[in-house]
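Colleague: Sequence:
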Amino acid sequence: MALSKPYFAHLRSLKPVPLPFHGGGRLRIAAPPLRLLSFATPEEAAAERRRRKRRLRIEPPLSSFRHQPSPRPPPSSKSPNPNAPKLPETMSALAGNRLNLHNRILTHIRENDLEEASLLVRHSIYSNCRPTIFTCNAVLAALLRQCRYSDLLSLHRFITQASVVPTVITHNLLLQAYCDCRKTDTALEHYRLIVKDDAALNPSPTTYRILVKGLIDNNKVDQAVDLKNDMLSKGICPPDPIVYNLLMTGFLNNDEPDRVLDLFQELKEKLGVGDGGIIYDGIVYGNLMKGYFKKGEDKEAMNLYDLVLGEGSKVRFGAVSYNLVLDALAKNRRLDEAIGLFERMMKEHDPPKRIAVNLGSFNVMVDGFCLAGLFEEAMDVFKRRMGERTCSPDVLSYNNLIDQLGKNGFVAEAEELFKQMGERGFNPDEYTYVLLVESCFGAGRPDDAVDYFNKMVESGLRPNANAYNKVLGGLASIERLDEARGFLDRMAEREVPRNVQSYEMLLNAFCEAARLNDALKTLKDLLMDEGVSLSEEMKELVEGALRKQGRAEELGKLFEEVEREKAEAAARAAEEKERAEALAKEEEERKKAEAAAKEAAAARASAAAIEAVLGRKKKTESKEEEGSSPANTAAIAETKEEAAIKNEADEALGQGTAS
DNA sequence: GTAGGGTTAG
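Going by this note's numbering, the residue at position 66 of the first sequence is 712; the numbering climbs one at a time, nothing skipped.
What the hints contain is simulated information worked out from the structure, not anything from laboratory work. Treat the hints with care, since some could be wrong.
Said to hold, decoys possible - 25 angstroms max Cα-Cα, derived BS3-like pairs, lysine-lysine:
hint: 1; residue 1: Lys1065; residue 2: Lys1029
hint: 2; residue 1: Lys1170; residue 2: Lys1116
hint: 3; residue 1: Lys732; residue 2: Lys842
hint: 4; residue 1: Lys866; residue 2: Lys914
hint: 5; residue 1: Lys1212; residue 2: Lys1223
hint: 6; residue 1: Lys880; residue 2: Lys916
hint: 7; residue 1: Lys1029; residue 2: Lys977
hint: 8; residue 1: Lys1170; residue 2: Lys1185
hint: 9; residue 1: Lys1116; residue 2: Lys1167
hint: 10; residue 1: Lys977; residue 2: Lys1053
hint: 11; residue 1: Lys859; residue 2: Lys880
hint: 12; residue 1: Lys1238; residue 2: Lys1223
hint: 13; residue 1: Lys1185; residue 2: Lys1203
hint: 14; residue 1: Lys1101; residue 2: Lys1116
hint: 15; residue 1: Lys880; residue 2: Lys866
hint: 16; residue 1: Lys1237; residue 2: Lys1223
The whole structure should be built from the sequences, with the hints applied where relevant.
Modeller: Right, here's the structure in full:
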């Protein structure tokens, strides 16, 4: 094996580390020559961590593999049953030139060149230096972070085709992608595949966290509870306070505070802390307090607060669990206590040792102050306090404060923040602009609202139907109907799928203004749009408006006209399809004939050659060779599911689906 | 960088 050449070719990126390994693929652990306190590159740091781990022989916990009664050297030894589920490679596979490849790919990821990173995985997979599953996971994770779901799915499909054995993390990344695309059913299907009897891997606590969160976010609390029970009955993962906390969020959203308390009790039992005992993970207490507040039992909520955050409490709180309590206080008329807790958090914060505050803490305080009408204080938290802890806002926190200010009439302040975003290099997103559009309409500045909308489009963002509806509805409400109608047309031009509100707002306004011709035209557009359907109320509204002017019969005529046009369109489509099919068939026959001719010619040529050499006749057979590697093409082809998700992912980037 | 708890906009 010629290992040294590609190895040296990439050595440049790893300069100061002395060669820990060399040719033959065998690992030679040299003691690090000198203790480096810091590393020139992240790869070096990672390499050092890996070396140390290897020295300690840390491998994945045995509990994560199934069908493994006793530890034995896994994949390399010949498996007695070739059909047995394969175990993923262990960390020790990440060595030699495969480690080199890993580092190269990580460099691309760091440079944000995911294109190149994925390509490198794809290209090397059939080479003599296969990427490890850890390398694949790194690329998948990077794609996930960038919300590039369709690329993630297609890469995942590719490595699966190529029989790279996944780890739990691979599964979790995929589940996360499905959940992010709101495809919880697909995620659950995949989960069942993981826990199938003959699968090699166990789910991890994170598996359940991802799935339960996905289900809760999609308001499928009952399914989430089922999954939690499944987790408990399998006995692989311990009862997880995080999962319970997520479920508590679900019940709070559903206005079922009693079930929040029940969950807390259940968790206590499962963790084996007696009635007088205490759960030491602070993550559950914010939601538990919210449960009490929702029941109107403020006293219990505050008693709990004193208990878990009072003097001598042993309950552990991090930034996230603090934030939940902070939110519980701030949203339930306990702003003073919230301020007190916030100050305590700020004092405790001592990175990297102790992280007691994060961006969320500031967002919660901003919300709290705004809720109490203290906008000065909210802006102070945002502008000054955040800086004290070297925290900087992101687009989301800007949007949050812009929203609060705009809604409450502080439009100038909201615009000031918007300007600041630009100066600080944060790119406003669709929401930012939509919030400003709303604020301006609210402040009686429709022209500025339209300007912001146009600015959004000019900056390359792709507003969805909801964003269009904001400006369309705003214009309609002040009777600038032609302009509003113009935005409906722009949606068609820019291929933004309209939703039913897009039409209804206009229809309403046209009927109100007794502009019936325009109303009928809009109604016809609605009826011709396959993506929406006419509601009964809308129909009655238009009917009534027509009747008032003695034009009632026009509605029926319009329906007939639409029916006819739709039928015509359908007929045209059918014809088109038939023609395409005929064409395809013809093409197929032509290919067949061509192949047959080729075969015959080959047979003749071969026969002639043999005849020429041997001087006698002989029957010959010849076969066409397969053109391309089937695994390759299969991996590149997208399944229907993937196409659907791709669509959705694209829409999500263009600001979500209609509903 | 082998993922992973909370908060917002539509």
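Colleague: A separate judgement is required for each hint: does it hold in the structure or not?
Modeller: Going down the list of hints, with the structure as the test:
Distance restraint check for Lys1065 and Lys1029: the Cα-Cα separation of roughly 14 angstroms lies within the 25 angstroms cut-off, and the hinted pair is therefore satisfied. For the given pair, Lys1170 sits about 22 angstroms from Lys1116 by alpha-carbon distance, which is consistent with the 25 angstroms threshold. Proposed proximity of Lys732 and Lys842 is supported: the alpha carbons are some 14 angstroms apart, at most 25 angstroms. For the hint linking Lys866 to Lys914, the alpha-carbon distance of about 24 angstroms falls within 25 angstroms, and the restraint holds.
For the given pair, Lys1212 sits about 16 angstroms from Lys1223 by alpha-carbon distance, which is consistent with the 25 angstroms threshold. For the proposed pair Lys880 and Lys916, the alpha carbon gap of about 14 angstroms is at most 25 angstroms, so the pair holds. In summary, the hint linking Lys1029 to Lys977 is supported, as the alpha carbons are separated by about 22 angstroms, within the 25 angstroms threshold. Distance check on the hinted pair: Lys1170 and Lys1185 sit about 12 angstroms apart at the alpha-carbon level, within 25 angstroms; holds.
At most 25 angstroms may separate the alpha-carbon atoms for a hinted pair to count; Lys1116 and Lys1167 meet this at roughly 21 angstroms. Simply put, Lys977 and Lys1053 have alpha-carbon atoms about 18 angstroms apart, close enough for the 25 angstroms limit, and the pair holds. A hinted pair counts as satisfied when its Cα atoms are at most 25 angstroms apart, and Lys859 with Lys880 qualifies at roughly 19 angstroms. Under the criterion of a C-alpha separation no larger than 25 angstroms, the hint pairing Lys1238 with Lys1223 is consistent with the structure, at around 22 angstroms.
Of the supplied pair hints, the one linking Lys1185 and Lys1203 holds, its CA atoms being roughly 14 angstroms apart against a limit of 25 angstroms. Simply put, Lys1101 and Lys1116 have alpha-carbon atoms about 15 angstroms apart, close enough for the 25 angstroms limit, and the pair holds. The hinted pair formed by Lys880 and Lys866 meets the criterion: a straight-line CA distance of about 21 angstroms does not exceed 25 angstroms. Distance restraint check for Lys1237 and Lys1223: the Cα-Cα separation of roughly 21 angstroms lies within the 25 angstroms cut-off, and the hinted pair is therefore satisfied.
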